[in-house]
Each structure stands twice: as structure tokens, then as C-alpha cells.
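Residue numbers (numbering that gives the first Met the number 0), protein chains in the order written: chain A, 0 to 270; chain B, 0 to 274.
Just so you know, these hints were derived from the structure itself, not from any lab. Any given hint might turn out to be false.
Unchecked claim - These stretches of chain A come out as covered by chain B in the derived footprint (C-beta under 8 Å, 3 or more residues):
no., stretch
1, 22-36
2, 39-52
3, 94-103
4, 123-135
To be verified - Which stretches of chain B does chain A cover? Using the computed rule of at least three CB atoms under 8 Å from a CB of chain A, they are:
no., stretch
5, 27-36
6, 99-113
We put the beta carbon where it would ideally sit given N, CA and C, even for glycine.
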Amino acid sequence: MISLSASNSQNSTHAAHALAVSVQNVGLTYTTSIDKRPTLKARLKSLGRGKKHTKVINALSEVNFDVHYGTVLGVIGSNGAGKSSLMRVISGIIPPSEGRVEVHGSVSTLLALGVGFNPSMTGRANVYLGGLAAGMSRAEIDQQFEEIVDFSELGDAIDAPMRTYSSGMYARLAFSVAATVQPDILIVDEALSTGDAHFKEKSLNRIKELRTADRALILVSHAMATIEDVCNEVAWLHKGKLIARGNPAEVIKQYREFTNTGKSSAANEDV
Amino acid sequence: MSAPVAVYEPFRAGLPPLGAYLRALWARRSFIAEFSRSELREQNYGSVFGQLWLVLNPLLLSGVYFLLIYIIGGQSDSTRYGHLTASLFLFYLVSNSLTGGVKSITAGQRLILNTAFPRIMLPISAMVIALFKFVPTLAVFFVMRTFLGLTYSWQMFWAIPVILVALLMGLGMAILISCINVYFRDIASFLPYMTRSLLYLSPILYQASDLSNKLKSFEIANPIFYLLDAWSQVMVYAQSPDLFSLLHSLVWALAIFIIGTYFFLSRERDFAVRL
Numbered sequence: 000m001i002s003l004s005a006s007n008s009q010n011s012t013h014a015a016h017a018l019a020v021s022v023q024n025v026g027l028t029y030t031t032s033i034d035k036r037p038t039l040k041a042r043l044k045s046l047g048r049g050k051k052h053t054k055v056i057n058a059l060s061e062v063n064f065d066v067h068y069g070t071v072l073g074v075i076g077s078n079g080a081g082k083s084s085l086m087r088v089i090s091g092i093i094p095p096s097e098g099r100v101e102v103h104g105s106v107s108t109l110l111a112l113g114v115g116f117n118p119s120m121t122g123r124a125n126v127y128l129g130g131l132a133a134g135m136s137r138a139e140i141d142q143q144f145e146e147i148v149d150f151s152e153l154g155d156a157i158d159a160p161m162r163t164y165s166s167g168m169y170a171r172l173a174f175s176v177a178a179t180v181q182p183d184i185l186i187v188d189e190a191l192s193t194g195d196a197h198f199k200e201k202s203l204n205r206i207k208e209l210r211t212a213d214r215a216l217i218l219v220s221h222a223m224a225t226i227e228d229v230c231n232e233v234a235w236l237h238k239g240k241l242i243a244r245g246n247p248a249e250v251i252k253q254y255r256e257f258t259n260t261g262k263s264s265a266a267n268e269d270v
Numbered sequence: 000m001s002a003p004v005a006v007y008e009p010f011r012a013g014l015p016p017l018g019a020y021l022r023a024l025w026a027r028r029s030f031i032a033e034f035s036r037s038e039l040r041e042q043n044y045g046s047v048f049g050q051l052w053l054v055l056n057p058l059l060l061s062g063v064y065f066l067l068i069y070i071i072g073g074q075s076d077s078t079r080y081g082h083l084t085a086s087l088f089l090f091y092l093v094s095n096s097l098t099g100g101v102k103s104i105t106a107g108q109r110l111i112l113n114t115a116f117p118r119i120m121l122p123i124s125a126m127v128i129a130l131f132k133f134v135p136t137l138a139v140f141f142v143m144r145t146f147l148g149l150t151y152s153w154q155m156f157w158a159i160p161v162i163l164v165a166l167l168m169g170l171g172m173a174i175l176i177s178c179i180n181v182y183f184r185d186i187a188s189f190l191p192y193m194t195r196s197l198l199y200l201s202p203i204l205y206q207a208s209d210l211s212n213k214l215k216s217f218e219i220a221n222p223i224f225y226l227l228d229a230w231s232q233v234m235v236y237a238q239s240p241d242l243f244s245l246l247h248s249l250v251w252a253l254a255i256f257i258i259g260t261y262f263f264l265s266r267e268r269d270f271a272v273r274l
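Assemble the whole structure, with the sequences as input and the hints as a guide.
Next comes the structure, spelled out in C-alpha cells:
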């Protein structure tokens with residue numbers, strides 16, 4: 000289980016270049032329903048007609064890589080390449096169907112959705128619930144709550160129900176939570192591209208601050224400029240396979256040649 | 000370098016390691032408390048009577064049903080009113096677990112897709128919320144039964160095991176139905192009809208002793224029939240419950256809990272890809 004509560008005691012113990020995450024031969028195949036909202040009615044209606052209700056998705060296959068402390072790994076790839084699935088496997092949210100993942104340290108995830116699982120509750124309640132679910136103690140959240148609210152620039156809105164939030168406010172709060180808890184390993188999935196220009200820059204700076212020798216960062220993004228700027232390694236996923244890994248400039252160049260987008264302004268717009 | 004903190008390996012059908020699972024669950028007990036509190040606060044936030052509504056609502060319901068049986072059946076003795084109210088309150092403990100539990104997983108989508116935690120926390124919270132709603136009604140009932148002039152006796156301590164069985168039943172039902180709802184989302188819309196039928200099939204508007212033996216033998220299939228019967232014997236008549244009633248409800252509660260939990264635990268790693 001992922002435990003954030005271990006983060007404080009372990010923060011200083013990870014030597015630079017020690018192994019943070021080891022992904023060994025990982026494959027992920029899962030069965031999911033074809034309907035967005037599977038119902039008993041649909042199932043009964045199609046009884047005996049041999050209609051399929053589930054599909055098998057090969058999200059990842061034979062992915063191998065290690066992330067060491069002090070590394071900032073950027074993960075790139077087109078939509079549906081398996082980036083988010085890989086992040087969920089590393090965070091322990093979805094178990095792999097093949098291979099093995101080892102995580103040495105506490106993990107904080109900021110996957111595509113962020114905090115706020117109950118929109119009718121206030122931002123404050125959601126932050127507490129998210130933190131408690133991730134295994135933090137109330138005291139730990141109390142300690143960091145002010146900083147989270149400050150960073151998110153939400154002000155009094157923190158006590159308003161989250162359904163009243165704009166998508167930017169949502170994203171700001173989510174980013175603030177993940178970036179404030181100071182985990183050993185921080186996984187950020189496409190969360191840097193939300194919010195206005197001001198907050199974007201602020202979160203980018205925060206990421207840069209978090210790049211210390213005793214921490215490992217994994218960033219998933221389509222913003223190549225950001226990846227090139229922040230990361231010291233890049234992994235490129237395509238259709239669930241690891242195509243290339245290494246120097247950011249080189250891998251991004253290969254990826255651009257592959258997708259033929261070059262440096263066209265449209266592809267580079269969302270940074 | 001220390002040993003790996005966490006290792007994730009292939010999904011195997013069947014149960015996760017229970018020891019580790021329970022430890023992770025125990026470590027997050029404050030989530031359950033916080034969630035229940037926030038949820039209750041939020042549910043009654045906008046209404047005029049606020050938290051008082053938790054007591055008023057079942058009280059009004061029992062009044063309405065009493066009017067109903069008085070008009071239809073012409074029975075108006077205080078024991079009957081006590082029976083109706085007590086039974087309705089316990090029924091709501093079970094049915095609130097069900098209605099709260101059914102969407103607990105599907106509504107927790109964001110949390111499930113973003114955080115690794117024992118998913119069973121969510122239906123457990125639904126049961127805890129139902130319990131929080133039940134406790135004030137219990138106090139109301141004690142005041143009411145004093146006014147109605149019902150006698151008290153030491154046998155009423157049997158209420159404790161009966162409540163425990165009801166909680167186990169509610170928990171099992173919440174766990175089972177939350178899991179089923181992931182696979183068949185229309186269960187949630189079907190649920191009100193199910194609970195309504197359960198209400199009429201259970202000894203609430205009538206007493207278990209009113210039924211013929213033949214009808215009663217069908218009621219073995221109703222998980223809460225004998226639970227409510229035992230509850231009425233204890234709370235209204237201040238007697239010890241029949242051993243059969245107690246055992247029947249315990250067996251049902253255990254069966255639902257064990258089946259529900261097994262089903263849930265063996266499926267929960269699947270939830271993130273099904274939502």
C-alpha cells in the first residue's frame with residue numbers, strides 16, 4: 000500500500016541515484032465494459048444474441064525501466080499510448096497483469112483527475128478526504144493545509160462546494176495538494192497544462208523546486224517544451240510499448256519525427 | 000537501501016492478502032469518520048431543521064403509517080404504535096445502508112482513479128452514515144415508549160445483539176450492492192422498489208404473529224423478517240427474542256456479509272478500469 004505518512008521520516012534517507020521505481024517487464028491487459036454505463040437492462044435485452052459486453056484492452060506490454068532518485072522523468076506519447084495506465088500501475092491503483100513494479104518510497108499522485116471526489120462537499124472537506132484516503136493523518140494534513148490553500152490561491156472559495164469551482168480552480172487545488180505533501184516520488188499526469196498562464200508558470204516553478212536529489216519526479220505531458228525544460232530523462236510510449244528512453248532532446252526529436260508534427264505551432268500551443 | 004516499500008504484482012483472482020488489507024483499512028479509519036461527518040453535514044445543510052431532520056423524518060413517517068393502519072385496520076392501541084415506530088426505525092438503518100451504499104463506489108470514481116486505498120472504505124462509510132442517522136431515532140423511541148406506557152425490563156439489553164446483527168446485515172448489503180452497481184448501473188434506480196417491497200414484506204405495518212404459519216414459512220427468504228420480529232419483541236414487549244428469530248437473522252447477516260465481502264474484495268482491483 001502506498002503510504003504518504005511515511006514521507007516525512009524517509010525524505011532525507013534516499014541517497015541520490017538510489018532506485019526509486021523499478022518497472023520490470025510490466026504488461027497490463029484488462030477487461031472493461033463497452034458501454035460507458037453498463038446496465039442490467041441492456042444485458043437482459045441482448046440475452047441469447049451473442050452480443051459482446053466487454054472488451055479486452057492491451058494497455059501496456061513489456062515495459063521496462065528504472066527511475067532513480069534525483070531523476071525527473073518525462074513520459075510522452077500520443078493519446079492512448081498507455082501513459083496514464085502506466086502511472087496508475089506505478090501508484091498501485093491498477094495491478095499489472097504481468098511483470099512487477101517496485102516502489103521505494105512514498106508516492107503522491109496527481110493523475111488526470113486530481114482531488115475532489117465529492118463535488119457537493121467543500122474544497123476543504125475534499126482535501127482532507129483525499130489526504131486521509133491516501134493514508135495521511137489528520138495532523139499531517141492540518142500542518143500543510145494552509146500552504147495548500149495559499150498555493151492554490153483559492154482564498155475563501157476553499158469553503159465553497161467544489162461543484163461551484165471552475166475547471167481551473169479544480170486543477171489549481173489538485174496541483175497544490177500533490178505538490179505540497181512533499182512525497183519521495185511525485186507523479187504528475189497532465190496537470191501542468193491547466194490553469195491560466197500565471198498559475199502554469201507558478202506550478203512549473205514549483206516542479207523545478209521539487210527537483211532535488213532525494214526525490215524522483217515523473218511527469219506525463221504533451222507539452223514538449225515543458226518536458227525538455229524540466230526533465231533530465233524522457234521515455235516515449237507508443238501503443239503500450241516503450242519505444243525510446245534517454246536524453247530529452249533526442250527522444251523528443253525522434254518522437255516529433257515519428258508523429259510528423261515537427262515544431263508546428265498548433266502542436267506546441269498547449270504548454 | 001531499504002527493502003521495497005511497495006511491490007505490485009499481477010492480478011490474481013481471489014482475495015488480496017487480508018492482513019495487509021485490514022491494516023491499510025485500519026490506518027484509514029479517520030477517513031470513514033471524516034467522510035460520514037461531511038456527508039451528514041452536507042445532506043442536511045440546506046434544510047430548515049438541519050440535523051433535526053434526521054429525527055423528524057422517521058417520526059413523520061411513523062405518524063403517516065400509523066394513520067394508515069388506523070384507518071384501514073382500525074387498530075389504535077399504543078403497543079401497535081410502538082411496534083410500528085420501533086420497526087420502522089430499524090428498517091431505516093438497513094435500508095439507509097443500502098441506498099447509501101449502492102452508489103458509494105461509482106460516486107467515488109475520482110478518488111478510486113487517483114488514489115490507492117482499500118475500496119471497501121466507501122461502503123463501510125455508507126453503513127456508518129446509516130448508523131449516525133439511526134442513533135437519534137433510538138433516543139426518540141425511548142422517549143416515545145415511556146409516553147406510551149410500555150414496560151421496561153432487563154431483557155431489553157437483547158437490543159444490543161439485535162442492533163449488531165442489523166449493522167452486520169446493513170454492512171453486508173452495502174458492500175454487495177455497491178459492487179453490483181459497478182457492473183450494472185441501473186441497480187441504483189431499481190433499488191427504491193426493492194426497499195419498498197422489503198418494507199411491505201417485513202413485519203412493520205403488521206406484526207409477525209399476525210401472519211399464518213404458511214405465509215410465515217415464505218418469510219424465511221426475507222433476510223430482515225425475523226430481525227424485525229426479534230427487535231419488536233425486545234423493544235416493544237421488553238421480552239427476550241425467540242432464539243429462532245435471532246439465529247435466522249444472524250445466519251442471513253453473516254451470509255450476506257461473507258458473500259458480499261468476498262465478491263467485493265475479489266473484484267475491487269477491477270474497479271479502476273470499470274468506472
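A quick look at each hint next to the structure:
| no. | hint | in the structure |
| --- | --- | --- |
| 1 | 22-36 | holds (count 5) |
| 2 | 39-52 | holds (count 3) |
| 3 | 94-103 | holds (count 10) |
| 4 | 123-135 | holds (count 8) |
| 5 | 27-36 | holds (count 5) |
| 6 | 99-113 | holds (count 8) |
The structure fails none of the hints (numbered hints given earlier).
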